[in-house]
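Novice: Taking the hints into account, I'd like the entire structure generated from these sequences.
Chain residues, written in single-letter form:
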Amino acid sequence: MSDPKVFLNGKPVEHPHEDHHHVTPVWQFTAVFIALLFLTILTYAVSFAGLGPASLPVAMAVAICKGSLVVLFFMHLAYEDRFYAFVFVVSLIFIAIFFTFTLFDMSTTDELNEEAGIEFQRHVMDQAEALENPPEPPPPKATVGLRPRPRVRPRPRVSTAAGTEPQAPLHPRQRGLGRRPGPFFFGLHFASGLAALGGGGQRWLRPTSSLKAAREGGYVAQNAVGHRCGGCTGHGAMAIYARSGVFAPHIGVLRR
Amino acid sequence: MIAYFIPPEKLGTPPMSDSPWELLPTASNHAQSLDGLYILLTAVTGISFVLVIGTMFYFMWKYKMKSEDDKTSPLTHNGKLEFAWSAIPAIFLMVFFVWGELDFVKLSSPPADSIDIHVTGQKWYWTFEYPGRPVAATTEVEDGEIAPLLVVPKGQAVRLTMTSKDVIHSFYIPAFRVKKDVVPGRYTYVWFEATELGDFPVFCTEYCGDEHSSMLAVVRVVEPEDYKAEVAAATTLEQGEGESLEQFGEKVYKAFACNSCHNTDATRKVGPGFGGLYGKSENLADGSSVEADENYIRESIMEPNAKIVAGYTPQMPSFAGQINDEQLNALIAYIKSLK
Amino acid sequence: MSSNAHDHDEERPWFLAHHFDTVGQQMSSAKLGMWLFACTELLMFSGLFLAYFILRKMYPEMLLTASEELNKTLGGLNTIVLLFSSYTMALGVRAAQTNNKKALERNLIITIVCAFIFLIVKYFEYSAKIHHGLLPGDLFAAAEHGYHLPKYSKVFYGLYFTMTGLHGVHVVVGIGVLTWILIRARRSEFSSQNYVAVENAGIYWHIVDLVWIFLFPLLYLVK
Amino acid sequence: MSDDKNHEAVEPSYLTAKKGLMSWLITVDHKRIGLMYLAATMFFFLVAGLLAIALRTELFTGQQDFMSAQTYNKVFTLHGAIMVFLFIIPSVPAAMGNFVLPLMLGAKDVAFPKLNLLSFYIYCIAAIMLVMTLLLGSLDTGWTFYTPYSKSTGSAVIMATMGAFVAGFSSILTGLNFVVTVHKMRAPGMTWNRMPLMIWALYATALIQIMATPVLAITLFLLIIERTLNIGIFDPAMGGDPVLYQHFFWFYSHPAVYIMILPGFGIISEIITVHSRKHIFGYRAIAMSSVAIAVISFIVWGHHMFVSGQSELAGVVFSFLTFAVAVPTAIKVFSWVATLYGGSIRYTTPMWYGLVFLWTFTIGGLTGVYLGTLSVDVHLHETYFVVAHFHYVMVGGTVVAFLGGLYHWWPKFFGRMYNETAGKISALLVFIGFNMTFLTQFFLGHQGMPRRYYAYLPEYEVMHQVSTIGSWILALGLFTVLGTLVMALKNGERAPANPWKAVSLEWQTASPPIEHNFHMTPRVTGSPYDFPEIDKSAGAHH
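Chains as they are written, first to last, in our numbering: chain Y, 1 to 256; chain L, 1001 to 1339; chain R, 2001 to 2223; chain Z, 3001 to 3542.
Watch out, some of these pointers could steer you wrong.
What the hints assert, rightly or not - With a straight-line Cα cutoff of 30 angstroms, these simulated DSS-like cross-link-like pairs (lysine-lysine) come out:
no. : chain 1 : residue 1 : chain 2 : residue 2
1   : L       : K1106     : L       : K1080
2   : R       : K2101     : R       : K2223
3   : L       : K1064     : Z       : K3536
4   : L       : K1071     : Z       : K3501
5   : L       : K1307     : L       : K1280
6   : Z       : K3536     : L       : K1066
7   : L       : K1269     : L       : K1336
8   : L       : K1269     : L       : K1254
9   : L       : K1062     : Z       : K3536
10  : Z       : K3019     : Z       : K3490
11  : L       : K1269     : L       : K1280
12  : L       : K1254     : L       : K1228
13  : L       : K1154     : L       : K1280
14  : L       : K1339     : L       : K1269
15  : Z       : K3018     : Z       : K3114
16  : Z       : K3501     : L       : K1066
17  : L       : K1066     : Z       : K3424
18  : R       : K2129     : R       : K2072
19  : L       : K1254     : L       : K1336
20  : Z       : K3019     : L       : K1062
21  : L       : K1062     : Z       : K3490
22  : L       : K1280     : L       : K1228
23  : L       : K1269     : L       : K1228
24  : Z       : K3424     : Z       : K3501
25  : Z       : K3019     : Z       : K3114
26  : L       : K1106     : L       : K1269
27  : R       : K2122     : R       : K2072
28  : Z       : K3424     : L       : K1064
29  : L       : K1165     : L       : K1254
30  : L       : K1165     : L       : K1071
31  : R       : K2223     : R       : K2129
32  : R       : K2101     : Z       : K3114
33  : Z       : K3490     : Z       : K3536
34  : L       : K1064     : L       : K1165
35  : Z       : K3424     : L       : K1071
36  : Z       : K3536     : L       : K1080
37  : L       : K1071     : Z       : K3019
38  : L       : K1064     : Z       : K3018
39  : Z       : K3501     : Z       : K3536
40  : Z       : K3490     : Z       : K3018
Because the hints were derived from the structure by calculation, they are not lab data.
Specialist: So this is what it looks like as structure tokens:
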């Protein structure tokens, strides 16, 4: 037809009402279904295999495989117009942003104030404790599973108020590994933050460093599952940098 | 633990600035650099505002319609100009960011040798615990009005370790340019070094309920030499000579903010009113009833959840360990005197 | 409606809405709408998964001991039931594409039956928990039933019931949607030309299955 | 379009095509749904506006004037909640966008008309729930419902949260409709670069509505569960974390403030070009910056929480990213001013509102830079500086643009012209009243006057009084707008199809348009800003 009667988004359409869509053969669906069953059994095996802290990433990897199988084949994303895949991936990116920044905040709450001994600490006010379980003998000092240590006042500070005249403040280096971020700290931190952005939320958990546990004494280091595999390159770089005290003198300059 | 719903106008602090147009007093080490950045921001944004709106007015005047069919310019874009007006603002923004970030890092890392004062925010009043002073109450009597008083020495770093007992509050001292939310369930902290003597108001800047706008306190900066004496004076709560037991009881009543929940007449507030309480028989939540005598009042102060009056919920915090015996006797005497 | 509004040309199919020009336009619009809706579902559940990860970061030991009490076999059974229902749903969409009305109805019925099985299995799981007092908030009475759980376990059970409960609501809504599609299939409304409604129901059902695929290892299995 | 004329006599407009209440209540015509949204959002703008006047009058003196503290808290919370959830988010996209988007695209209707009507009725249910909150003891938590206060307070938090929860779905459905319509139903010849900038703005807004609102849904759902089942995820007394609630809430609410302002940008792009008879300056820059703002708005929410116990490192990262959002907004403002160059500006009422927008929005944008800078935000957070900033952006930006858009498209909506002088007076009153109210609040904020304070220190009294008088003038201005537009309906003279001689598609059909918009599906050959006055002869675009 010389003058096409029907247009779609500015482009003339030859046969307006025919559309051909990809029809997946049945054996392909069955193959995908069997793969999914196998992966489910794999998740089961992973949980009993006692991989310890690595079991979370492995379980997530298997779940992502199953998820992508369902999305690509059962929902025909593989054969559809690329735009639907783009829409789906954009929403995954926004979820990743949501996870990464929130977990980044949760895991670095103590970065700057470690020096002041203020721990990011969960504690429950007295009434709530009294409400929850009637007053029995206070739990022993480091109880298993009770992550928040019984409410301990922050470590005694060298307080100048009690009549002792204030000594000269220690040079950051003398105070052990200087951990204050210097003026250039931001560049490296932000770059590692961006690198971590791709790393997904889970890997932002604080790495266990025995040094920290030793220094903290009774502080139950967060050696829970999923931590021992350590932060990703981004967070690792941040932690190494912060602990190396390379820029500690700058903080000294700042601090005076 | 002293507070009273201070109508702000009675707070008695010197006005922060004489005229609205004068800048705030710069009374802490942070204030200097922050005000510098504030002035730079005002200058840069002011100039860019004048440039943009000035050009707009000029175009409005020059290109107003002369006749129905006068020709207009075919200009649709100009790559160089568009790049310039993206890059230049970006540079200024980076300058603001870096200066702001450096100050923020300083604001967030208190020196190790600072005085550590515990601040507790509670629905509608502040409590300050000085190191080495048992009594958490600090009072500052100003013609009968009591405000929580934070005494700090001049020229010395002070770190406030803050937590809240119920909802999120926020400790804000405008004159020192410091502010931090006081979050229940964790410690947050703020540090400063006061550089000017005098009294400065403290505000709660996170909405926390009915009396959010009366949750005020006073920061008093004193010379370092008489800092200890001031703290001692502010945290003692004894019977002054020539003061009757009931008068001292009333001071204790206000010091421990009993009035934030109990009225001195018989009307209900958050808790039951004290008017005519002594000798009355109270029926309790569990159906039994008890005669309100001394040890009932004493027990309700020490373990408030033991006997709950019918129709009330167990919200009262326990005062055991914060109130000593003379204060308790005076308080009971005062409650007995209420009709 | 072809470009000229007045003469209704005959070959315009009955299911083409007045404001669309071609079947392809109507179908791709419906599919794009459904995919955007799938994204909103994912974003909504992502909030709950983030709450789970935060709880896991704050109380790692508590979470692991508290999740021991969940019944892994019933969880596993539910996963297999849902995977199978996804499989039959996909076959159903294929049947609609190939004008196979009988196969479409058969697959839809199997999918709906699997959904009911899922809910029944969930009913047993929940009744076991209620019986043992592993409930959120004030109903938490594990101590009376002889469970020595760490201090904040009630928050974990609160989150467990919120996640699986919201997922359960989505399964119920899924049953409603599939029954509606089944009724329309019985009226043989669908053909190889007009099957986008079945495909959209399929996308919704696969999203519900996708959420469970991530929910199951996180809540039940992970150490 | 010559044969349009003889069709017109035959084809009745969408207003007169069907009669009776039912024809309105079950309509699937995007224009009627747009008008129903317009009426509902205008009603709630009036209600919340009166609450604002009550607030400002109460703040006239530092002590209690005629409201108690509890009532004051309830009034400011409802002012915030109704304005945000029932007026500013649905107003431009749903009321004006529903009407104008299909017309500008040359389509017959939005992609899913029934879904559009469902979205309106979900909005009505949300409105009923928020009104019910009023009866059940109202809400006193602030529109942000921060826990743990929102968990322990006795006011009707559950009803209000359900209202906001349901309003979110109406917003998602509108956004979904717009994205599909823009992708699939453009007129022949309308490529992405020939779409009016109003469509680009509505498309960017729709993206945010789809991607952000579900997180609000889950946040409010968790809050409702927290209050009913007491699960304790946000309650510190049971081991939860209140800062986690703030993360969840602001992940939605910062993109939501861009849902509020982006449609305003779209309207301003249309008004400034049509009334200065000039092609927009930097079309691609403005279109791309709309989408850029939509995407970047998802990574900056932490700047609401610099002092809220969020970690300092996260604060630094969020502050840096916040400045990334400032650049595209600046590009837009510069491009609008550059559009005026070489134009032939007609000082009609919509143009006056466009110019007022440039003034107020520039101040709003620039003061945002103060609050993005870390150390200055520590001083200014939760003070009147913040109140002034977001009112400059929301009232000075979106509401002024919305009023400009109402005057611009009123002839198209109802086929009636408004009274030009009355319109100009309303613009002047709104300009004076608005600046007088909120410019003084910047100084209040810098002096440390905290937000949501019912009684304040005596030295703030002078500025509060100036601000209160300003708010009365602003209220007078807004009532003048209402009067002018309503009078235009009754005795405004009949408007021609294209009163502003604009080029975009919605002006190529009758006003008020016929039921299915166009007699002949229009074919687009050029950009919507190629006005006849632009003299091509003056050499190529330099």
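Novice: State the violated hints by number, sorted upward, taking the hints as numbered earlier in the document.
Specialist: Hints 1, 2, 13, 20, 21, 22, 23, 26, 30, 33, 34, 37 and 38 are the ones this structure does not satisfy, whereas the remaining hints hold.
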